[in-house]
Amino acid sequence: GAGVSQSPSNKVTEKGKDVELRCDPISGHTALYWYRQSLGQGLEFLIYFQGNSAPDKSGLPSDRFSAERTGGSVSTLTIQRTQQEDSAVYLCASSFSRNNEQFFGPGTRLTVL
Amino acid sequence: TQLLEQSPQFLSIQEGENLTVYCNSSSVFSSLQWYRQEPGEGPVLLVTVVTGGEVKKLKRLTFQFGDARKDSSLHITAAQPGDTGLYLCAGHNQAGTALIFGKGTTLSVSS
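As given, the protein sequences belong to chains B and Z, one line each in that order. Using my numbering, you'd call the opening residue of the first sequence number 66 and step up by one each time. Using my numbering, you'd call the opening residue of the second sequence number 350 and step up by one each time.
No wet-lab data here; the hints were simulated from the structure. Relax, there's no trap hidden among the hints.
Below 30 Å or equal to it, Euclidean Cα-Cα: the simulated DSSO-like pairs (lysine-lysine) are:
1. B:K76 - Z:K452
2. Z:K419 - B:K122
3. B:K122 - Z:K452
None of these values were measured; they are calculated from a predicted model.
The following block holds chain B by itself, in its conformation from the complex (with noise of 0.2 Å):
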């Protein structure tokens, strides 16, 4: 079956210009989780989805980021007046229900100039 898929494979953008990732979890999968990886920091937790509750923003660098997950799906993670040091890979991963084996997509490489 489909994995978890992510858009666009690659976004290169000029500082200060708001930016939108998206991601497509596996089918069933109600919970939805975003991380972020950079050089020198590894994999940081971003924000968690679960079916109708609310999210768990608790890993947000800052009030420009967010996100939004639709329908229980597709989720969204926009950036806000990007800055250079928000240039990473960006991941999206989905699983069954929390602590079930979480499914990454290939992840957004951002790039901000």
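Chain B is already provided as a structure; the job is to place chain Z on it using the hints.
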């Protein structure tokens, strides 16, 4: 704060050699996971260890979970070029809402 420390950060070896990667924490984890990531792809789960002292084998890979559930190791026997990649250990945060990852070990196996 739950942290996972991995060592070594980089490993470059010849085909046929053995190696061990370590994952350590001062916190107790209910389980630890090992992932492998290749360039341009997301991490893929290799194994989950749950019981203190547990040893799991996956072909030439042996995974161990410490008795106190604070550390784990990955041992590869007779490494092959196909083993090249980034190896990550991870454990769930206390809320169970996210994985905490070590910074990874980049392994390069040359023939």
